[in-house]
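**Q** These are the residues of each chain, in order.
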Amino acid sequence: SAVISQKPSRDICQRGTSLTIQCQVDSQVTMMFWYRQQPGQSLTLIATANQGSEATYESGFVIDKFPISRPNLTFSTLTVSNMSPEDSSIYLCSVRDSRSGANVLTFGAGSRLTVL
Amino acid sequence: SQQGEEDPQALSIQEGENATMNCSYKTSINNLQWYRQNSGRGLVHLILIRSNEREKHSGRLRVTLDTSKKSSSLLITASRAADTASYFCATAAQGGSEKLVFGKGMKLTVNP
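Protein chains in written order, with our numbering: chain F, 884 to 999; chain P, 24 to 135.
Do not take every clue at face value.
As the list claims (entries may be wrong) - Computed beta-carbon distance windows for the label pairs: (1) F:Q924 with P:T132: 17 to 25 Å; (2) P:A104 with F:Q911: 18 to 26 Å; (3) F:Q924 with P:L98: 19 to 27 Å; (4) F:P950 with P:G39: 25 to 33 Å; (5) F:T900 with P:T87: 45 to 53 Å; (6) P:R73 with F:T913: 18 to 26 Å; (7) P:E40 with F:P950: 29 to 37 Å.
What the hints assert, rightly or not - List time: in silico EDC-like cross-link candidates among lysine to aspartate or glutamate, alpha-carbon distance up to 16 Å: (8) F:K948 with F:D980; (9) F:K948 with F:D970; (10) P:K93 with P:D106; (11) F:K948 with F:E937; (12) P:K122 with F:E969; (13) P:K122 with F:D970.
Stated by the list, open to error - Partial chain P-side listing against chain F, Cβ under 10 Å, derived: (14) S51; (15) N53; (16) Y58; (17) G65; (18) L71; (19) N75; (20) G82.
Simulated from the structure, these hints should not be mistaken for laboratory data.
Note that CB positions come from ideal geometry on N, CA and C, so glycine has one too.
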């Protein structure tokens, strides 16, 4: 399956600042998925990033808060803008496992953000 | 919106014992998957069961699916300390959606 590198692995940020998370995949993929996992909670899909088009955001998530870039088929970034303590979460990127023939996901190790 | 709900929320067992986790969901699905997460890291796919399957095995894992009850169970046999992790079920809705909806997760602790 694909290997995904995410960075930063963790960061401590100040309220009001923005942070960009990078996700690099070792193979070309059509869709990349960004998830948020709040402390002790499950994963919630933020958006689906397609190369060459605008990301598709889920209910409750907006582009102004979570702008996404997808410049090519192996890379994507998620920015968490104007952060507040409520944004403290693990952010995970994932891609579909092309070998599975189904929508099995491979995940990066995640980026743990703490907002003070 | 989330639809998978695992129970119990947390389970602590001794090495060698079996661990059973249950997952319930709300809508019709194409498949149901189980993932493991170690210490707040990325998730790792364990097993997938399709809506027309009732039981599936993979090593020490056994998963069942009851679509009439909209529920699934994951059994880990002969548990090991290394099985300590959080386990999530995830569902893919009918219609070929690429999106997975994850349940709340269950924390399994296997004591040596």
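**Q** F:K948 and F:D970: Cα distance at most 16 Å?
**A** Judged against 16 Å, a Cα distance of about 10 Å means the pair holds.
**Q** Answer holds if the nearest beta-carbon of chain F is closer than 10 Å to that of P:G82; otherwise answer violated.
**A** With Cβ-Cβ at 17 Å, over 10 Å, it is violated.
**Q** Verify the proposed pairing of F:K948 with F:E937, using a straight-line Cα cut of 16 Å.
**A** holds, 15 Å
**Q** Does the nearest C-beta of chain F fall within a distance shorter than 10 Å of the C-beta of P:Y58?
**A** With a closest approach of 8 Å, the P:Y58 hint holds.
**Q** Falls inside 17 to 25 Å, the C-beta gap from F:Q924 to P:T132?
**A** holds, 19 Å
**Q** Quickly compare the C-alpha distance for P:K122 and F:D970 to 16 Å and report which way the hint goes.
**A** Violated. P:K122 to F:D970 sits at ~22 Å, over the 16 Å cutoff.
**Q** For the hint on P:L71, just tell me whether its beta-carbon gets within less than 10 Å of chain F.
**A** holds, 6 Å
**Q** Would you mind confirming whether the straight-line C-alpha gap from P:K93 to P:D106 stays at or under 16 Å?
**A** It is violated: about 26 Å lies between the C-alpha atoms, which goes past 16 Å.
**Q** For P:R73 and F:T913, compare the CB-CB distance with the range 18 to 26 Å and indicate the outcome.
**A** holds, 22 Å
**Q** Would the hint on P:N53 stand, with a C-beta cut-off of 10 Å toward chain F?
**A** OK, holds: P:N53 within 10 Å of chain F, min 8 Å.
**Q** Assess, step by step, whether the Cα of F:K948 is no farther than 16 Å from the Cα of F:D980, and give holds or violated.
**A** violated, 28 Å
**Q** With 29 to 37 Å as the target window, see if P:E40 and F:P950 comply at their CB atoms.
**A** 47 Å Cβ-Cβ, so the 29 to 37 Å window is violated.
The earlier numbered hints that this structure contradicts are 2, 4, 7, 8, 10, 12, 13, 14, 19, 20.
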